[in-house]
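Asks: Protein chains in written order, with my numbering: chain A, 5 to 493; chain B, -3 to 91; chain C, 741 to 1227.
Rather than coming from a laboratory, the hints here were simulated on the basis of the structure.
Since this is a predicted model, take the numbers as computed values, not measurements.
Note that CB positions come from ideal geometry on N, CA and C, so glycine has one too.
Please note: incorrect hints may appear among the correct ones.
What the hints assert, rightly or not - In silico contact screen, one side only, chain C against chain A (beta carbon under 8 Å); selected entries: (1) 836; (2) 950; (3) 978; (4) 1153; (5) 1156; (6) 1160; (7) 1162.
Stated by the list, open to error - Some chain B residues flagged as far from chain C (calculated, every beta-carbon gap over 12 Å): (8) 22; (9) 45; (10) 50.
Here are the chains, one letter per residue:
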Amino acid sequence: MSAVATAAGYEVVIGLEVHAQLSTRTKMFCGCSTTFGAPPNTQTCPVCQGMPGTLPVINRRAIEFGTRTALAFDCTVNASCRFARKHYYYPDMPKNFQISQYEEPLAEHGGLEIDVAGGGVRRIGIQRLHLEEDVGKLVHEGTLETAPSSLVDYNRAGVPLMETVSQPELSSPEEAAAYLRAFRAVLVYLGVCDGNMEEGSLRCDANISLRRRGATELGTKVEIKNLNSFRNVQRALEFEVIRQAAALDAGERIVQETRLWDADRGYTRSMRSKEFAHDYRYFPEPDLVPLELDLAFVERARAALPELPRAGRRRFVEQYALRGAEAATLTGSRALAEYYEATVGAGAGPRPAANWILSELLRVVPGDDEQAVRDSPVSPAHLAGLIRLIDDGTISGKIAKSVFDKMAASREDAATIVGREGLTQVADSGALALVIDQVLAADPKLLADWKSGKTAAENAIVGQVMKATQGKANPALVRDLLKEKLSKT
Amino acid sequence: MISRADVDHVARLARLTLSDAEAERMREQLAAILAYINKLRELDVEGVEPTSHAVPLVNVFREDEVQPSLPREAMIANAPEPAGELFRVPRIIED
Amino acid sequence: MTTDLTRLTMHALAAAYRAGEATPSQATEAYLARIAALDTRVGGYLTVTAEAARAAARAADARLAARRPLGPLDGVPLALKDVFCTRGVTTTCGSRILEGFVPPYDATVAERLAAAGAVMLGKTNMDEFAMGSSTEHSAFKPTRNPWDLSRVPGGSSGGSAAAVAGDLAAAALGTDTGGSIRQPAAFCGTVGLKPTYGRVSRYGLIAFASSLDHPGPITKDVRDTALLLGAIAGHDPRDATSVPEPVPDYVAALDGSVAGLRLGVPREYFTEGLDPEIARAVREALEVLRGLGATTTEISLPTTDYGLAVYYIIAPAEASSNLARYDGVKYGLRVPGRDLIDMSSATRAAGFGAEVKRRIMLGTYVLSAGYYDAYYGRAQKVRTLVKRDFEQAFAAVDLIVAPTTPGVAFKHGEKEDPLAMYLNDVFTVPVDLAGIPAISVRGGFSATGLPIGLQLIAPAFEEARLLRAAHAYEQATPWLERRPELS
């Protein structure tokens, strides 16, 4: 890794701030729908457009989702919390203040376990978790810098956002990406966020600083915005490690600033330095009353928590005798974990089920896309059916792979395809014996080798018989016939 | 004491263009009001809880049920510069 | 027609409808005619919705003719302060920045009045964004006091109070943030009630200071206030600060006696700043109430002197935030500019008047980095002390009796200095900070013939007690017999 090589002699300190859109039906403070992709300005009302005299009212489900997430991250849910107004002017923010949480967030002091290089596990602290409203979308005619004017769509304004701030405890770009993956998996498991980074359901900003190995005080931190995929998080941070290390090596000072990641060009660039520091003028939102979430509310949320990815992973290893990495992939999304267990539940062995999902299913379905897994063209029952046909010798493993591809294309079950296309293994010993004779007659050397007892020759004969039957021969039967033939000679 | 620089800073935060004369007059008036307000310093508020609402209420929610949005035409009708289905704003320069 | 319908109270008008002596259309036409004839001089209205009023009146005619009225307000012509959003009707809040703004939604109170069959005559003038005590700070025009057109009607609900006093509406709604219902009610000799915070929904009320804004009625007598409050009070799921308490029958509550009622008189309200005529009027009122069987004791509200300072931190702070949305992007005025910041700054500079700018500046300053604890934080703590003063007082008394204002209506242009203007609210502001209900009723007249306001203050949600005492006082005094000579 070039980033690491360049940064030798430095310790990297990274903290991530993740904004997740909650999958509520309605916005944080009004009843407008949150459906993605609606035509511009069709999902707004006087409240989310900040019209005069309108008032916010808190969406109960958003608070439940926030609480559920806080518990999954092992946070303390504060007995009392409230919303505050955060002021700055931007045309995508209708009221020119954002209703957020400041001194009294929903939850604090949690953590998230991530896998680190070398197979270990680290717990990364989570400072705080709070709820706020999203802003609208600006469309620039050209780029922000060159556009003569911009256009505003307020559909997204007011969609519930959950902001989670990690401790600055991530020590490499890889760990940052691992954190974000684990984070996303938990949210998706909880059903509180669809995790769709392309649609902006999950957005990430990073703080990164470098310090000489062994130094105690933190280096100057730089904030990087616009990290909207796992890959971008890692690439941007790698770029930044190299940039900062080079600057430090050259004896330069790191400027505390905000930089924007340009994914197309692959670098971070400084956003115009702020001649004018932000002054958000927070104060308690007077249009909302405080929240006092009692123990019963919190315990109800705790009771409703599903099994989380890391627990599922441990259970898969124990219950299904899977390897850790296999279990990790299979529990990478809740839908995939459910898919695996449904396949096993439909009668497939835990081992072949894991193999088929890991090697075949994930070729055709992105495993971290919950919806895609649920809509998989090959259902768990169909996959189990396919595995059964292999187990009972109806089809060979080789044929099974092509049957799988056909299942994926047509959504039919395995038996239907095998029956229609005559893919059943040739189990007629008379017919197979004839094929064996042809193979041996065509290659006297092979015949001789085989007769002298070479295992390799037997395998080669089986292979040729399979080839001659287009994979339909039952290889076990071919071996039995060969043994019989040898004993007769 | 509120300075002219404070006034200029606050005017910027509040997005208000003030002429020189306005800013100076504003400084004088704010200084007088702040001097009056400063009488609060006479009171001992040690240990006093702040009041943000006169009537104490907690946990007021709405259910997560979709209500119809307003038609776009109704929402855009008041826009100073509508641009089809969007709102147009002049060139944005970050500050 | 023998009676001038515009002179009637709402309840008298409703009785006339029921008796078949008048119809909502006749009353509405009478008001529209009077507005056309006199409002150029009073300046009570910013918008008159004549056609909509006629249509609403005709519908009420039909319901009354069929003997199926929607209730006691059916067909009664009312006015709304222009701070309330009205669907399809221009709502400016007295500001250039909202000139031409037509909300696609109704304030909850507007909706409730319409559901009760009330006829809206139009929108009344006000100090811009309800910031002021004279209605001289409307961006469009000043309102004049019907008792003396050279004087102010008070503010910020001056248009509503002048309209009711001048018989240009049977009743009106106003809002009270630091005294903006009670002070103009006192100046114009009407009844004005500021309910408990959360009693009446703020949804659709264009926010000045969210934690202090209270909508309430301005009427010709106490019975009308009881009627109108009953129509607008109650929980609203669209306002998270609205309180889910049941609404009592305020009209029924009027009939009780005040015998045995313990009245407290705060010594801090009788200082050298108080006009001696008003002090005397309050003392005479106490005499009247004692005559009705009430007892009076002197009480102390030690933080009275700090209320105004608290108010001038909290209200501007919240206002600076609430008014941030007027940026020329989504609605209202836009002044062209080189870029976005320039456009917004120029729009706000042109769209807001001097008083609004001053309060935005003050509010922004007290919330800005490094000042929060010294100003906003401290003000919220002193607010607790103010509230506590009232709670302690109400442990010993049932109601507090006080002057509404330190002086009677002043002349236009008389109070140029902002601080001098602010001092008008010294007796009304503490009640807003505490969120408790208070009413101003006509308590006599000055030697110059100007009305004097008597203020009664009750514990939270005790509006019924307040109305009962105010009604008893009103019945026992001759003050309502006088009316301003406008024509």
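Asks: For every hint, state whether the structure bears it out.
Replies: The hints, checked one at a time:
Look at residue 836 of chain C: its Cβ only gets to about 14 Å from chain A, farther than 8 Å, so that hint breaks. Checking residue 950 of chain C against chain A: minimum C-beta separation of about 4 Å stays under 8 Å; hint holds. For the restraint placing residue 978 of chain C at the interface with chain A, the shortest Cβ-Cβ distance is roughly 6 Å, inside the 8 Å limit, so the hint holds. Residue-level restraint check for residue 1153 of chain C is violated (minimum Cβ-Cβ distance to chain A is 30 Å; threshold 8 Å).
With a cut of 8 Å, the hint placing residue 1156 of chain C at the interface with chain A is violated, because the nearest CB-to-CB distance is about 29 Å. The restraint placing residue 1160 of chain C at the interface with chain A is violated, with a minimum CB-CB distance near 28 Å, outside the 8 Å limit. Given the 8 Å rule on beta carbons, the hint for residue 1162 of chain C is violated: about 21 Å separates it from the nearest Cβ of chain A. Some Cβ of chain C comes within 12 Å of the Cβ of residue 22 of chain B; the nearest lies about 6 Å off, and the non-interface call is violated.
Residue placement check: residue 45 of chain B does not keep its beta carbon more than 12 Å from all beta carbons of chain C (closest about 6 Å). A beta-carbon of chain C comes within 12 Å of the beta-carbon of residue 50 of chain B; the shortest separation is about 2 Å.
Hints 1, 4, 5, 6, 7, 8, 9 and 10, counting from the list given before, are not met by this structure.
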